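K.L.:
Listed here are the chains, written in short residue letters.
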Amino acid sequence: MDFGTVIDAALSQALGPQAIVFALAAIGLNIHFGYTGLLNFGQAGFMAVAGFGLAVSVVKLDLPFALAVVIGLLMSVILAFVLGVPTLRLRADYLAIATIATAEILRLVLGAVEFKDFFGGSNGLNGFVGPFQDLNPYGGPLDLGIVSWSRADLWSLTVGWVLVALSCLLVWSLMRSPWGRVLRSIREDEDAVRSLGKNVFGYKLQALILGGVFGGLAGLFHVLKQGSAVPTDFNTTFTFYAYAALLVGGAARVLGPVIGSILFWFLVAGLGSIFGQLTDGSGVDLPTWIMTDTQASLVRFIVLGLGLMLLMIFRPQGIFGDRREIAIDAR
Amino acid sequence: MRLRLAALVPLVMCLTVLGGLTSSALADETPSPQASASAGSSPSAGETAEPPDADFYVAVQLIDSSKKTATSPGEPVPGVKLTVTQGSGTAVGSGVTDAEGRVYIPLEMGGKYKVELDPKTLPDGVKLSGEAATTKNVSVILEGATNVQFQIGVVAEKGVGFGAELSQALFNGVKYGLIIALAGLGLSLVFGTTGLTNFAHGELITFGAIIGYVFNRGLGLPVIVAGVLAVVASAALGWAQDKGLWGPLRKRGTGLVAMMIVSIGLALLARSIFQYTFGGSTRTYSQYVAQGPHSVGPIDVADKEIVIMAVAIVVIAVTCISLATTRLGKSMRAVADNPALAASSGMRVDSVITAVWILGTALTGLAGFLYAVDKQVSFVMGFKILLLVFAAVTLGGLGTIWGAIIGSIVIGIVSEAGPVFGVPASIKDVGPLLVLILILLLRPQGILGKKQRIG
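If you read the protein sequences in the order shown, they are chains F and E.
In terms of the working numbering, the first sequence opens at residue 137 and continues consecutively.
In terms of the working numbering, the second sequence opens at residue 669 and continues consecutively.
Don't read these hints as lab results, they were simulated from the structure.
Any given hint could be a false lead.
Computed list of lysine-lysine pairs in DSSO-like fashion (alpha-carbon distance at most 27 Å, straight line) [what the hints assert, rightly or not]:
1) E:K1052 to F:K252
2) E:K804 to E:K780
3) E:K919 to E:K972
4) E:K1096 to F:K252
So, partial list: chain E residues that the calculated Cβ filter (under 8 Å) puts toward chain F [unchecked claim]:
5) L937
6) I941
7) Y944
All of these numbers come straight from a predicted model, not from anything done at the bench.
Ideal Cβ placement from N, Cα and C applies to all residues, glycine included.
Build out the structure end to end from the sequences listed, making use of the hints.
P.N.:
Given below as structure tokens:
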């Protein structure tokens, strides 16, 4: 087994663009679930509307890139509004079911062959990253010995981590403001907050919109770093993985989602690489009746599922979280 | 803490044992990889091709539809040569149809191909119909079989009237709805008594179907026996689930939201284990796969569909009646209504909940098995209809029994009848989900739900 390869694969994923997408999505979920106690299981839907908002604006409507970014973010605000108004007055699991259903509707409609002319069908849309890549100041790829990235990735990384840092700063300052304290108290006891004369519904809606915008940012970044907007990228499992990342790091902590995403991808890519090497026919292999190379790629998901269960049972606050500050005992 | 971890072990063991069973079952099934690639050599009677081990392959089944009978869609056409070419006519594979009229041609990779049928090898008296095209263009995108069809002996169909189309859709909708109702009943029972929104419910559906496959194909039992055993195995899984996971979590006082996230983890775990052991392909049981339908009035009905619906109706009726009349049924409803009061009246709340898990999982497993008999088995089948089950249960009113049934039938019909009214077939699942969102908007407690439940 070549541990250098494993570390390389794990590190370049943990610090790579995919981890940034997860971090941004999980920062949004942190506002929803960690701070406000809202169960949004449709973060993939927020990402999808933003990503496709951008792609459709540029490719089909020929709008300028900057305007398209704004449109993408606006789409996620609208989605939060449409989802929030009917469901935020209901119990937590109703919001969960409504959001997951909406995300699936969006994925199905965006991928439908009937709307191929507008959304590109199951292949999605591409050809909108030109303006983004034109801004790339780097001259070539970067190789640090243990990790390496291509030139395009390097630019995505710079933009992405700056975005993540700014987002964390925003969340940090918002959550120590009076507004953030109201959100936390809604998570703890909605009725108490209501009796103090606060408009609980309004605050929840604001939280849903803010978290949705972070989801939208994640979606924008995803389509930009990938160069294409593909409907199947925005499936329900994505949201669940983002939850796993959030919970690993610790909900209701500013840096929880970021550390969580890094760790999540470190483990996923590391495990993938280890079991990939154990089945690639290089000598030190597992017998094929135990595991073939197609099965090897599934081990990480088995570990992931089991890990999510154990984490939620034994350490729901994650690595950095505070057990008293987590909404899991709610209702 | 250690104890709780120990409690998880039986569940994982249970799934792993299932895994072992499936893989050994599949080992028997493993086809000889190149069975179909024996190009040129005409297969002897009785020898049938098996899907190749390749990631990509083209599958063709030639059926002479002019000899269609009540029990079969037509007679297979053996001994026909098919060639797959790429680009400017380079042949990349060929094969000859076997006794079942089937041929599988393995390909190196996905891409655009041309499948050519050699009309000279067609038996006497068998002619291509439709536009009589001997080549078909095909793009191989997905791993597994890419099916190519050649029409033989098909009499041009007369346009079907809207009424006939609608009644066929309604029939299919009720059938689909009854299957969803069985699963929904399971979900609703568990939700009603424990308050858990179980995201792993889809995997319980898949479990029923896959364990049925293990008994049927792996151990060679008839489908009906396999079905009975699948329900028994599902009941056992329900018991194991409650004893090994949900029971200990309840005793710990884990919150409902935490349990919901645990169920997401469980769903991920179970689905990956299914995929690990069962593989990514879609398979069928050994019997009742392609039953020729009878025409009953304006609609086409296969025997198996009648049986599926009858079984579903009987099971649903028996469940509802026993929930209303038996002692256990009454205590289930009492626990659902107020666990604390039920406990203080001397009921053993925990064993009632265990009974609910057993009953709920068994019903759900049956739903999965029936769905697999109707369609096929795959590792994502339950995950794919999970949201429809949620929609059905929410529509009827979370936690109500009759609501779940009514909601399921409505969802089944909406899903199947949508295309008749012009909903594109590729997004027919959107209809039920829209119904779900609308009902949350207009009447969140559902059709039969009580208002206090929605909080």
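K.L.:
Are the hints correct? Go through all of them and say.
P.N.:
Cross-check of the supplied hints:
1. Between the alpha carbons of K1052 of chain E and K252 of chain F the distance comes to roughly 23 Å, so the proposed pair stays at or under 27 Å and holds.
2. The hinted pair formed by K804 of chain E and K780 of chain E meets the criterion: a straight-line CA distance of about 11 Å does not exceed 27 Å.
3. Restraint check for K919 of chain E and K972 of chain E: the C-alpha separation of about 44 Å exceeds 27 Å, so the hint is violated.
4. Straight-line distance between C-alpha atoms of K1096 of chain E and K252 of chain F comes to about 16 Å, which keeps the hinted pair within the 27 Å bound.
5. A least Cβ separation of about 3 Å between L937 of chain E and chain F falls short of the 8 Å threshold, and the interface hint therefore holds.
6. Against a cut-off of 8 Å between C-beta atoms, the interface hint on I941 of chain E holds, since the closest Cβ of chain F lies about 6 Å away.
7. Against a cut-off of 8 Å between C-beta atoms, the interface hint on Y944 of chain E holds, since the closest Cβ of chain F lies about 5 Å away.
Comparing the model with each earlier hint shows a violation of hint 3 alone; every other hint is respected.
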